[in-house]
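S.K.: Here is how the chains run, residue by residue.
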Amino acid sequence: MPATATLRVVLAEDSVLLREGLAGLLARFGHEVVAAIDDAAALPEAVATGRPDIVVTDVRMPPGFTDEGLRAAVELRRRHPALPILVLSQYVETTYATHLLESGDGTGVGYLLKDRIGRVEEFVEALHRVADGGTVVDPEVVRQLLRRRRDPLGALTPREREVLALIAEGRSNAAIAARLVVTEAAVAKHIRAILQKLDLPQDEQDHRRVLAVLAYLRA
Amino acid sequence: MNVWQALGSRRFLLSAWPWRAAAYLLGGALTGALVLLAGLLLLTAGALVVLGPAAFALTGLPVARAERRARRLLDDRPLPDAHRTPPRPGLRSWLYTRYTEPVTWRELGHALLLALLWPFDVLAVVLTVAVPLALLATPVLLGVDGEQVNVLKAWPVTSWPLAVAVAALAGPVFVLAAYGMTVYAGARAALARTLLTGPDARITELTRSRVRLVDAFEAERARIERDLHDGAQQRLVALTMMLGLARLDAPAGPLTTRLARAQDEAERALTELRELIRGIHPPLLTDFGLPAAVAELADRSVLPVAVGLDLPGRFPAPIESTAWFVVCEAVANLTRHSGAAQAEITGGYADGLLTVRVRDDGRGGADPDGGTGLLRLGDRVSVVDGRLTLSSPPGGPTVLTVELPCRPLPPCA
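Line by line, the protein sequences are chains A and B.
Its first residue numbered 0, the first sequence is counted upward by one per residue in numbering that gives the first Met the number 0.
Its first residue numbered 0, the second sequence is counted upward by one per residue in numbering that gives the first Met the number 0.
These are calculated hints, taken from the structure and not from any lab test.
We treat Cβ as the ideally placed atom computed from N, Cα and C, and that holds for glycine.
Treat the hints with caution; some may be incorrect.
[Claimed, not checked] Covered stretches of chain B (chain A as the covering partner; in silico rule of three or more C-beta atoms under 8 Å from a C-beta of chain A):
id	segment
1	31 to 44
2	240 to 248
[As the list claims (entries may be wrong)] Quick list of simulated restraints, FRET-style, between CB atoms:
id	chain 1	residue 1	chain 2	residue 2	range
3	B	ALA349	A	ALA47	41 to 49 Å
4	B	THR345	A	LYS188	38 to 46 Å
5	B	PRO253	A	ALA47	46 to 54 Å
6	A	GLU183	B	SER390	51 to 59 Å
7	B	ARG209	A	GLN195	53 to 61 Å
Turn these sequences into a full structure, and let the hints steer you where they fit.
M.R.: Take a look at the structure:
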């Protein structure tokens with residue numbers, strides 16, 4: 000799906016200010032908000048009738064104002080494994096992200112802090128990456144993960160951790176190379192080393208990247 | 000000093016204590032007899048009118064008041080008056096309060112007990128006072144009578160040697176009876192105390208109000224967190240979004256730069272707000288429970304902290320938050336003061352007790368009175384009937400343990 004394609008979006012957010020702001024933002028980039036709801040319980044029905052390309056949901060929503068949105072997202076992934084979901088959250092704690100990412104095979108899923116919405120173009124790009132089956136994890140959440148001292152990531156060098164963090168953010172090899180100011184070949188070498196250290200199979204390059212991210216999150 | 004301590008003293012027989020016991024018992028006997036009389040009068044003569052039994056129900060009140068005074072003879076611990084103060088002045092309010100509080104009925108029970116026991120009270124005193132005197136008087140009476148004395152009106156004594164021997168018995172009999180009577184008096188006073196106090200109503204009320212206070216405090220924190228999350232945080236997000244959109248529309252130049260700077264500031268504010276909210280009431284604790292929250296805390300800690308919490312599920316919110324704040328404070332303390340290289344948080348649940356232990360390999364010697372932090376934690380733990388213990392020998396390790404009695408919540412769907 001090219002980055003300019005129109006996405007059908009189901010939007011779940013209980014704050015009117017944000018819901019309307021997001022709807023306006025998405026419309027501006029040519030996307031269609033097929034349903035904008037303020038209640039996590041209404042998500043399954045909105046998905047059934049709206050047939051969206053992607054679901055964008057808040058974590059904390061009525062009725063309980065705890066993590067209903069996240070639970071609804073996990074449930075949606077169970078029922079529609081191919082439906083991309085982007086969760087917008089105020090929580091940097093890795094538990095929330097891990098919970099979401101472990102609910103499926105790790106494709107077509109994103110966990111972003113709401114702070115990122117302001118970087119409008121990057122946000123829309125992340126939306127596309129998730130809609131295309133990519134995995135997007137908020138850089139701040141990734142930073143939290145990096146601070147963990149648990150295996151099996153202990154074997155990775157600092158540089159490899161950096162690369163893995165960027166993979167988790169959904170970056171391509173080219174983007175990672177540009178960010179770290181190294182050649183793409185060097186990035187590929189790092190990735191091979193990471194995959195090897197994390198004991199991941201040698202085929203299907205893209206899927207292995209996802210597995211690496213999952214290993215990273217579960218660690 | 001009380002009667003039991005006096006019984007252990009070597010000078011007991013020479014002290015005033017046997018006579019205090021006797022006075023207590025005689026007072027009790029008099030009261031008991033009066034209760035019996037009042038009961039008979041009110042329940043028979045007054046039975047025609049409803050007022051008789053109703054009035055009798057209140058006889059416990061003066062009796063208990065007398066008991067509170069009299070027991071000072073035996074025990075210097077005061078017996079608190081557990082009656083509530085009527086909410087309004089006037090007889091109606093007073094009567095309502097008295098008839099509806101359990102202590103009134105406990106006092107009636109106490110009065111009825113006295114009415115039953117008073118003959119024994121008299122008997123105990125008579126055995127101690129009159130019998131030794133009677134024995135002692137035998138030779139004198141024999142001298143007066145010249146022929147025969149019936150000791151205690153039962154055993155005839157006719158010869159002088161026998162009379163002297165009987166008089167000599169007075170000593171041991173007095174010793175035995177004095178101890179017996181005092182033990183009986185002490186036991187009766189203890190029984191009265193148990194009946195009159197029951198579970199101390201004020202202490203229960205005090206504990207309850209402290210629990211309420213902590214609950215209110217918790218609720219307030221949760222409310223502040225919610226308000227910040229739903230209000231300021233959402234507005235700041237909306238603000239960054241608007242700034243982002245404005246940057247898209249603005250022509251390249253100084254305006255874009257300024258908008259970018261404004262957006263940076265708004266983002267920084269969001270980050271700080273998020274930190275603040277986490278300190279007030281961590282949403283993770285509410286959503287995922289103690290192990291997840293503690294694991295995140297360990298991840299964020301400057302020191303390496305190993306976590307091993309093996310819990311059967313979720314616990315009531317006050318329990319989880321108490322354990323959470325103990326762990327937070329402990330980790331903050333050990334990071335600041337202990338000089339430890341690493342720490343360990345372990346915990347489990349067994350036999351109705353949730354135990355969490357924070358251990359570090361630092362220099363030890365932590366002083367429980369040194370900071371208000373630990374004291375405050377102790378207060379917090381005691382409100383949920385828990386226990387907080389600190390072991391910190393010089394040279395370490397320091398181990399802080401919190402034990403909270405509780406039941407896990409049933410797993411929810």
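S.K.: Please go over all the hints and tell whether each is borne out by the structure.
M.R.: These are the hints, each one checked on the structure:
Under a criterion of three residues with beta carbons nearer than 8 Å to beta carbons of chain A, the stated coverage of the segment 31 to 44 of chain B fails, only 0 such residues being counted. With a threshold of 8 Å between beta carbons, the proposed coverage of the segment 240 to 248 of chain B by chain A holds, since 7 of its residues qualify and at least three are required. In this structure the hint that ALA349/B and ALA47/A lie 41 to 49 Å apart at CB holds, the actual value being about 46 Å. Checked against the hint of 38 to 46 Å, the C-beta distance between THR345/B and LYS188/A comes to roughly 41 Å, which is consistent with it.
Separated by about 50 Å at the C-beta atoms, PRO253/B and ALA47/A satisfy the suggested range of 46 to 54 Å. Range check, GLU183/A to SER390/B: about 57 Å between beta-carbon atoms, so the 51 to 59 Å window is met. Range check, ARG209/B to GLN195/A: Cβ separation about 59 Å, and the 53 to 61 Å hint holds.
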